[in-house]
Amino acid sequence: MGSADGRRDADRTAGGGLLPAHPAKPRRRPHGRLGQGLTAAVASTTAQLADRCLLPGFVGTRAPDWVRRRAAAGLGGVVLYGRNVESPEQLRRLTDDLHSERPGLLVSIDEEGGDVTRLEVRTGSSYPGNLALGQAGDLELTRAVAFAMGSELAATGIDLDLAPDADVNSNPANPVIGVRSFGAQPALVAAHTAAFVEGLQGAGVAACAKHFPGHGDTSTDSHLELPVAAEDPRLGALEPFRAAIAAGVRSIMSAHLLVPVLDSVPATLSHRILTQLLRDELGFGGLVITDGLEMRAISDGVGIAEGAVGALVAGCDALCIGGGLAEESIVDELRDAILEAVRSGRLSEERLAEAAGRVDSLAAWRAERQPAPAAQRGVGLEAARRAVQVEGPVRAGADALVVQLRPGASMAVGAVAWGIAPPALSFDGPPVDVDGVLRRAEGRGLVLVVRDLHRHAWQADAVEALLARRPDAVLVEMGLPARRPARAGSYVSTFGAGRVNGQAAAERVLS
560 MGSADGRRDA DRTAGGGLLP AHPAKPRRRP HGRLGQGLTA AVASTTAQLA
610 DRCLLPGFVG TRAPDWVRRR AAAGLGGVVL YGRNVESPEQ LRRLTDDLHS
660 ERPGLLVSID EEGGDVTRLE VRTGSSYPGN LALGQAGDLE LTRAVAFAMG
710 SELAATGIDL DLAPDADVNS NPANPVIGVR SFGAQPALVA AHTAAFVEGL
760 QGAGVAACAK HFPGHGDTST DSHLELPVAA EDPRLGALEP FRAAIAAGVR
810 SIMSAHLLVP VLDSVPATLS HRILTQLLRD ELGFGGLVIT DGLEMRAISD
860 GVGIAEGAVG ALVAGCDALC IGGGLAEESI VDELRDAILE AVRSGRLSEE
910 RLAEAAGRVD SLAAWRAERQ PAPAAQRGVG LEAARRAVQV EGPVRAGADA
960 LVVQLRPGAS MAVGAVAWGI APPALSFDGP PVDVDGVLRR AEGRGLVLVV
1010 RDLHRHAWQA DAVEALLARR PDAVLVEMGL PARRPARAGS YVSTFGAGRV
1060 NGQAAAERVL S
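Numbering (the numbering used here) for the sequence shown: 560 to 1070.
In case anyone wonders, no lab produced these hints; they're calculated from the structure.
Please read all numbers here as calculations on a predicted model, not as lab measurements.
Check the hints yourself; a few may be wrong.
As the list claims (entries may be wrong) - Pair ranges (Cβ atoms, derived):
1) P981 / E908: 43 to 49 angstroms
2) G842 / E927: 20 to 26 angstroms
3) G860 / S1070: 50 to 56 angstroms
4) A983 / D791: 46 to 52 angstroms
5) R954 / E840: 48 to 54 angstroms
6) A983 / A1024: 16 to 22 angstroms
7) L997 / G860: 44 to 50 angstroms
8) T620 / E840: 24 to 30 angstroms
9) S1070 / R793: 45 to 51 angstroms
Ideal placement from N, C-alpha and C gives every residue a C-beta, glycine not left out.
Take these sequences, add in the hints, and give me the full structure.
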């Protein structure tokens, strides 16, 4: 297992303390078949090791019976999404129920702040995302925001936060990273990644730097297809991961993308990338977790069962599933595939035990954390205010007509509330009623709110048409500010679409 700060040490063998996990808890018979050719005792042990490596999701704000049963029998953990969260109080009840089945169960959540929030899906996040923090340029502020977020997560019983995003967003056309990254410069991203890790883990919640070896230089979304990284990550994309490891990050998430200069298989399935590069060259000894195996970059390629086995062979320890496939049958399928791989000799039981041991090691680290002191209140809004960039006269007045152009969100972001105020008019796509907008805005200010204008031609066309007739309109970009129209004399960049980003912009525009 890894040392206390997540770096690799000589003692990486696993399984100690794993079996029996909690002898006082009555053991239930696991679902699924035993690996053929294994003795019953060995197969039972192997099945428990396999279960320890699985982190499924589920639907609902209460744990289904199958999740509770699998948790008691030794499931490694679960991953929570917005569909599992109604309020902090409800979330605490849910995590308490899960931990009552097995205290060492890893309860994780994908809470980045900003555009990617599971805690505040309905309202938008109280914290700005990474790009806003990078724009603010204050490492202590980044550390404070991460600490405040971690304090909230710890109070609701979360053990592992699948953040921060450590990708260097070197490709503005990237459809899935964008404002989730601290920026386009490796040194800046590295510094803020380390600060975020320190803040989050200082609050007692394990951090997860993602997506190794770097998802910033891609132009496709791994939720939908297999991206290809054009650049060698050793030229800069690895810097944030080095910084995260030096800061003691407890886990790192693999990327479902192809890096041709390093290997001919996706990074999640690459021994060269996950073992030789991440473990041996960078010296990481903590938990390696996959991105969601149901994502089409894996499921449409090798399939999730083969993806699970291949990831373990390559060097992953925990298998994340259930963003879109949240059923017990998927857990059975993956566990059976792992048992078959052990039976056939493709996956050694030693590698499986090592992986399961790292899951236990992270759970033990979390159990040793003491309650953190109270976090600074309002730090998220403070950070969002410091990130806002204004060019030209932007005060449109309290009675201004707010028009929001809303492109579809990526699967990573999902359906999260965003904007600077409840819009009087909103458009989800073409056609945009330019004449109607102008009639409604006659005699008062006009505010146009967009998101990633450079990636959505229909937004750009509508903005050009409106600015041609209302050059005084204020344009508010809540995505990546990669394209400012020449006609936009009044321009506001928020560097993200969290609720506090919108509030900070509204203070400048609608007052």
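_So, against the hints stated earlier in the document, which numbers end up violated here?_
1, 8
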